[in-house]
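Just add 3 to the spot in the sequence shown (first one is 1) and you have my numbering.
In case anyone wonders, no lab produced these hints; they're calculated from the structure.
There may be inaccurate statements among the hints.
Unchecked claim - Beta-carbon label-pair distances, calculated as ranges:
| id | residue 1 | residue 2 | range |
| --- | --- | --- | --- |
| 1 | Arg97 | Glu66 | 20 to 26 angstroms |
| 2 | Ser53 | Arg15 | 35 to 41 angstroms |
| 3 | Arg85 | Glu185 | 19 to 25 angstroms |
| 4 | Ser156 | Arg50 | 21 to 27 angstroms |
| 5 | Leu151 | Arg120 | 24 to 30 angstroms |
Every value quoted in this text rests on a predicted model; they were computed, and no experiment measured them.
Note that the Cβ used here is the ideal one computed from N, Cα and C, for glycine as well.
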Amino acid sequence: MMAPFTFVLDERPSFSVIALNAPIGYLDANTLGGRTCDRAARALLGRRASAVHNAPTRASVEEGTVASQDHLDAITATLLPRYREVAAEMAPYRQRTVYEVNPELTFYGLNDDVPLRWSKRSDAGREERRTLLRKNIPGIDRVLDTELDGVPSSHLVDVAAMLWTARRISARIATRVPPDPEWDDEGLRMEILR
4 MMAPFTFVLD ERPSFSVIAL NAPIGYLDAN TLGGRTCDRA ARALLGRRAS
54 AVHNAPTRAS VEEGTVASQD HLDAITATLL PRYREVAAEM APYRQRTVYE
104 VNPELTFYGL NDDVPLRWSK RSDAGREERR TLLRKNIPGI DRVLDTELDG
154 VPSSHLVDVA AMLWTARRIS ARIATRVPPD PEWDDEGLRM EILR
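Make the full structure from the sequences, and use the hints.
Set out below in structure tokens:
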């Protein structure tokens, strides 16, 4: 079982960067293709675009029920309780520490801004991702080879990728998608860092 997001925020000493694979900032109404950052990320990823899911609307996150117009995919619907937990704690000032990231965008960056060839669910895709991580993060096998109850190895690969992005954020060399993000009604930037 994962610790609540508040535990991460309250950790002492505080984290300087928290890279989340969860939406930060929500549209008030369903828009074709989702937020601008979601559409821009998909455009970069080409054949791997399906790895970027539309964020639910603010109503679905705040009200505890899925708005009928959201048409959420199965993964987003499953993760909605976590998204609600993050949304309840997010405020503009937290965006100095908490950033939205996406593992597939990270792999795009690790692969010299070229979308990966294979799905992470295939043997070739798993090896493609592990090879990129090993090439770019010395000692990453320690993360990749960890065995945790209830955690599939594909999640560890994603976490390792997000570690690379967190390091880029910390070094202030991460790239914003899109470069000029839109803001939601709560004052949150809707962007994905890579």
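- request: Sort out which numbered hints this structure fails and list those numbers smallest first.
  value: Result: no hint breaks.
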